[in-house]
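Chain residues, written in single-letter form:
There are 4 protein chains.
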Amino acid sequence: MVKVAVIGCGYWGPNLIRNFNELDNAEVAMISDLRPERLRTMSGKYPKMQVTVDHNEVLNNPDIDAVALATPVETHYPLASTAIKNGKSVFIEKPLTASVNEAEELIELAERHNQKLMVGHTFVYTGAVRKIKEFIDNRELGNINYFDSVRVNLGLFRPTVNVLWDLAPHDISIMDYLLGSEPEFVSAVGACHSGTGIENIAYITIHYPGNLLAHIHVNWLAPVKLRKVLISGTKKMIVYDDTEPDEKVKVYDKGIMINDDEDKMYSQMVEYRIGDMYAPKLDTSEALRTECGHFVDCIINDKKPITDGEAGLRVVKILQAAQLSMENNNERVDIRCIRKSPATLSSEKMSKSSTSSTSMAAV
Amino acid sequence: MVKVAVIGCGYWGPNLIRNFNELDNAEVAMISDLRPERLRTMSGKYPKMQVTVDHNEVLNNPDIDAVALATPVETHYPLASTAIKNGKSVFIEKPLTASVNEAEELIELAERHNQKLMVGHTFVYTGAVRKIKEFIDNRELGNINYFDSVRVNLGLFRPTVNVLWDLAPHDISIMDYLLGSEPEFVSAVGACHSGTGIENIAYITIHYPGNLLAHIHVNWLAPVKLRKVLISGTKKMIVYDDTEPDEKVKVYDKGIMINDDEDKMYSQMVEYRIGDMYAPKLDTSEALRTECGHFVDCIINDKKPITDGEAGLRVVKILQAAQLSMENNNERVDIRCIRKSPATLSSEKMSKSSTSSTSMAAV
Amino acid sequence: MVKVAVIGCGYWGPNLIRNFNELDNAEVAMISDLRPERLRTMSGKYPKMQVTVDHNEVLNNPDIDAVALATPVETHYPLASTAIKNGKSVFIEKPLTASVNEAEELIELAERHNQKLMVGHTFVYTGAVRKIKEFIDNRELGNINYFDSVRVNLGLFRPTVNVLWDLAPHDISIMDYLLGSEPEFVSAVGACHSGTGIENIAYITIHYPGNLLAHIHVNWLAPVKLRKVLISGTKKMIVYDDTEPDEKVKVYDKGIMINDDEDKMYSQMVEYRIGDMYAPKLDTSEALRTECGHFVDCIINDKKPITDGEAGLRVVKILQAAQLSMENNNERVDIRCIRKSPATLSSEKMSKSSTSSTSMAAV
Amino acid sequence: MVKVAVIGCGYWGPNLIRNFNELDNAEVAMISDLRPERLRTMSGKYPKMQVTVDHNEVLNNPDIDAVALATPVETHYPLASTAIKNGKSVFIEKPLTASVNEAEELIELAERHNQKLMVGHTFVYTGAVRKIKEFIDNRELGNINYFDSVRVNLGLFRPTVNVLWDLAPHDISIMDYLLGSEPEFVSAVGACHSGTGIENIAYITIHYPGNLLAHIHVNWLAPVKLRKVLISGTKKMIVYDDTEPDEKVKVYDKGIMINDDEDKMYSQMVEYRIGDMYAPKLDTSEALRTECGHFVDCIINDKKPITDGEAGLRVVKILQAAQLSMENNNERVDIRCIRKSPATLSSEKMSKSSTSSTSMAAV
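Residue numbers (our numbering), protein chains in the order written: chain L, 1 to 363; chain S, 1 to 363; chain A, 1 to 363; chain P, 1 to 363.
Read the hints as simulated data drawn from the structure, not as lab findings. Do not take every clue at face value.
Put simply, identical chains are the same to the list, so a pair is met inside one copy or across any two.
BS3-like cross-link-like pairs, simulated, lysine-lysine; straight-line CA separation at most 25 angstroms [stated by the list, open to error]:
1) LYS303 with LYS281
2) LYS225 with LYS281
3) LYS85 with LYS235
4) LYS131 with LYS281
5) LYS235 with LYS225
6) LYS236 with LYS133
7) LYS303 with LYS131
8) LYS236 with LYS85
9) LYS303 with LYS236
10) LYS3 with LYS303
11) LYS235 with LYS48
12) LYS303 with LYS48
13) LYS235 with LYS133
14) LYS85 with LYS45
15) LYS281 with LYS236
16) LYS45 with LYS225
17) LYS45 with LYS133
18) LYS236 with LYS131
19) LYS3 with LYS85
20) LYS235 with LYS303
21) LYS225 with LYS3
22) LYS131 with LYS225
Isolated chain L (complex conformation) (with noise of 0.2 angstroms):
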């Protein structure tokens, strides 16, 4: 039975404690937050959990196997970083980090002190992304052409972070697990309409070796909700639309076909291929639970998550150039320069509040 520590009691913890508390091999024995409130209210569901407002008593009590941060990005490094160094696995709410630097040496630390380190990403353990991959990976789509992907609604506008690190970690999380390559440039802009200097609106561009393009919409201002992702392969061409309730996921048998002939007319070259459309069964499985579960299971059995710290790291490293970018007019970032860069500039953008106390409550 592995006992996990779930530190942030805020939005999203509660979530992980119910899912980790329905796992067969594993129990929350300790929660932490801030707020006593908030540690009241879960203890009432949850009655046996021991509960704490001082995060150092999670991190140093020596029965917790492992440590689940649901907490502002900027507290995910040091309460990792000690959490690992204290001999616990950590799982960490996305996105990984506040920058590169940290993300490499939690990966670094993960590593020297043998413990698991994996990262939220919640979406690819959604049925649906999981029968993305495995369309992608039996090559029905061919080769991929572009991935678009669209995420907006009139949402929560979050006061130390911007729509990109708040929305993007999604949308950049599902693109890596499927296109399962590493892009070459990223370049984003946004902007702000609520007078808080905190963008609501981003698009970001990344360039993929030869002609693979990728792109994304996250947006806290729009009127409706959309959530979705245009991918088309030379073969084939899927939309997956997560605001659908069933057919999430759709497959077009639909492309162009290349004309060689060179009798034919340069009007000609490039002719329609028209055909059935059809949309897999999902599986439904709460994708929270199937992520709990996984992270259980790598401890257990010592496997490497699907979700690794090098995931995160690729995550927060198109963040992170992507950040760069919005902050220099649109400018194209070499993503293989972002590893060596001083994280400064995202971490005074990203946590204005990062020194108060409260900030560690507020996912």
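Starting from the known structure of chain L, arrange chains S, A and P on it as the hints suggest.
Chains S, A and P in isolation, oriented as in the chain L frame:
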């Protein structure tokens, strides 16, 4: 009775012929196309029209009052400039010209020769766009925060023009009409997946003064047809979905309120407002009819067209800036510098077959 | 070259004229309508056609091989019977006739005079309905459990015919074609909300042998357009939504399994099965073109039309039974008793203005 | 603090327990179910509740102020009548009882013992239905022409109750609440496709005085989930689509106008009116919370419940009439004759296992 000649009887020309012929105060007296079989087909439907394979017969015919061009973009300037010099008003299918220089010269020519110059920004004449314009002009939306337009489909791959020059004129002309101000910077990325070198997907970002951001996604290689515009204002927001049979325009009484109460937590600075939605009744007349009627009305009553040469120029300026950015790794282009730049870049890129004698008939 | 005459140039007649004219092996040689202005309009488009306000000129013209009727239903029988007796094949817009007796006589006449009799059940010639027929004939759905059709809209209130006779022929002809068997009982209810006495909403229930149930909702007074057919089979189910631009037909691999294990609880007798959905590619040719071509092909090659007089009779039988039930408080009508009944009831109800000289031109 | 006991902890009971527990002025003091494992599960969540497998302990407990029943319909009468006689108010999940006689007796008992009797017509407490009621009461729709409700899904096949008694109470209770008048006649058809004899599809027609027609389609065997209500008034029309995440209620300013100008052609008697559509903001509170709160409020402040015994009786009367019609070939049943009829028919049909000791726990 205004005597109109239509040059180009390919895809779009027949629509112009039908609509000009159905007006009470105009008739199509002459048509021209390089392909005799296209002329025969049109003649069968409208036997009274004079036909010719030589557009010079049109341009030199003193009986013709106005010429409508439905020919490839690279022919717009030479045909229109001759027509204007010969004392004819000119209606040109979008985009107005292949370069800013050409557009400026046509405007200057039309003014000097006292002829009407109008560009076929057809969406501006739809009931939907005119209704949105009303809302914006009445200040119902407040200040505009952003304009986001998606126009994707499995569309016709055109051999001599990329998706930017083919589809984006629609979105840019709608944006130009609705926002009514001049942008500052443009950047764009695109990709080609057909091996022809012609981009089939492009993302264009347009920066306006203040924090007004516009973004356009045009795409010939998508499995589904999407034509959705989001417009967010400080008071209300609009979704304009042109694929809806009814209720194309929805106005949402939704938004955020900025809380300036200093006592409140930083986290509560931005609050929500969610109210009713409504879909106004729209004029469902055919936009092209309205547009053709407007052109004839401007000629007869000496009015300035809503989509005059200046409107055409503003759209070409953004297209040319976007093309320049796309060729320079998404680099931000200052729109004010476009005016003076020689338009060599796009003419090469866009009109590979512009010397071919067949190009004039292809639209 | 089959010489076709079209009688009735109101709403639908022009579509017949256009489609027959575009066939290679037929031409519209003559048209007739009581209103000279309708004839002038059509003549402007197709100058070679002979025109007349007197349909007897059509019926007596020995050069005419076939007559197509787009006139009000009460005129179908007199016009068609004369045409057949004069040695012409006849195509009649749905419904075939205003009564079962008339339909039976036309069938008998056509047989005796060796002429083709075909009814315009246009939906039978759509790619969607033909594809569904394929699935049913291939036994992919298993046995059909039910057929449910909804066809509602804010539609044209017709002055001489109720919504049952106006819209339900579409649904009944689709049902008749797909199910391929004869029903036993019909019942119907309707209501009039316009004060004219003409029903604008009706619900029709059709009982087939076994437990196959069919139901149709037709409605002229609905705020939205719905055209949705549900077909449930023991193996698979279909949703046919004619308002969808693409993917009109969706096949669901869903259903129930009957558990005959006696040990299992009664409560577990029925289990679920949920699999993939797929939307087959459909032939998108214009159904009316296919239909007109089929009529001409039947004449030239002496074939039996798919929607022959018998198909038309089966539909009229159900309409007449439904009308009878509607007038008798929803009483169940045995379809086998309809054959002998005099068709007096519907002729009064349906054709209040049938004596008016204008009625023949109204469709 | 009202002390509530919940009998039946199957599918719906836990929702009642949660909602009553979250009220400030009530608490669930006791729960009962025949299955000890259900009690254990609920006890784990709410440790303070007393639990018992014997519902008589509940009914005889003097500390209990009110009993909520989430048990099979055939148990409603015996449990509720005992509870009322023992001085407890009663909340009963829909439908109120298995027969009109039972409903009338409960109403009479509740009155005599001065206890509240309320039925769980939950949809009546949704923001959507309450908003529609407002529109109707404010005369915004004018006179109601028809009410059409479709509620289909691949739903749970229940072993002891058909789709009429399972799903139609929702539609009938919405209709009853909105229309606010008593119908005259009911007819219904159904079919069973599972071999169990339990109907899984039914169509119910309800005639109101005047020309107000209502129709309900309920179905457990459909491949897609539809929950759509059309309400047409002489002034406006409503579409209420419960599957929409937002904008569940749309009000259309559409309709017809009756032309009483005698000079106009008969064919122009009915003219169209098409205006704006709007979707009002809806209260999104959980309906069951509102409902449970209302029950407690009625007890504390001696108010008459909105969905009182009479409302429950009206729904049962229509259900019983529909059941009778369904068993008699769709024969029209006079609703006024239902009151006196012995309710033997439905009790046999509906509750095959009512003698089974397990039935009391199945809901």
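For each hint, the structure was consulted:
1. LYS303 with LYS281: neither (28 angstroms within a copy, 44 angstroms between copies)
2. LYS225 with LYS281: both (24 angstroms within a copy, 16 angstroms between copies)
3. LYS85 with LYS235: This pair counts as neither: shortest intra-copy Cα distance 48 angstroms, inter-copy 51 angstroms.
4. LYS131 with LYS281: both (9 angstroms within a copy, 23 angstroms between copies)
5. LYS235 with LYS225: between (30 angstroms within a copy, 18 angstroms between copies)
6. LYS236 with LYS133: Within. Shortest intra-copy distance 14 angstroms satisfies the 25 angstroms Cα cut-off; inter-copy 27 angstroms does not.
7. LYS303 with LYS131: Close inside one copy (22 angstroms), not across copies (49 angstroms); limit 25 angstroms.
8. LYS236 with LYS85: neither (47 angstroms within a copy, 51 angstroms between copies)
9. LYS303 with LYS236: neither (33 angstroms within a copy, 41 angstroms between copies)
10. LYS3 with LYS303: Only inside one copy: LYS3 and LYS303 sit 18 angstroms apart there, 51 angstroms across copies, limit 25 angstroms.
11. LYS235 with LYS48: neither (54 angstroms within a copy, 49 angstroms between copies)
12. LYS303 with LYS48: neither (29 angstroms within a copy, 42 angstroms between copies)
13. LYS235 with LYS133: within (15 angstroms within a copy, 29 angstroms between copies)
14. LYS85 with LYS45: neither (31 angstroms within a copy, 36 angstroms between copies)
15. LYS281 with LYS236: both (18 angstroms within a copy, 14 angstroms between copies)
16. LYS45 with LYS225: neither (32 angstroms within a copy, 34 angstroms between copies)
17. LYS45 with LYS133: For LYS45 and LYS133, neither the intra-copy (37 angstroms) nor the inter-copy (38 angstroms) Cα distance is at most 25 angstroms.
18. LYS236 with LYS131: both (14 angstroms within a copy, 22 angstroms between copies)
19. LYS3 with LYS85: Only inside one copy: LYS3 and LYS85 sit 17 angstroms apart there, 52 angstroms across copies, limit 25 angstroms.
20. LYS235 with LYS303: Answer is neither: 34 angstroms inside a copy and 42 angstroms across each miss the 25 angstroms cutoff.
21. LYS225 with LYS3: So LYS225 and LYS3 fail the 25 angstroms test inside a copy (38 angstroms) and across (42 angstroms) alike.
22. LYS131 with LYS225: Classified as both; 23 angstroms inside a copy, 23 angstroms across copies.
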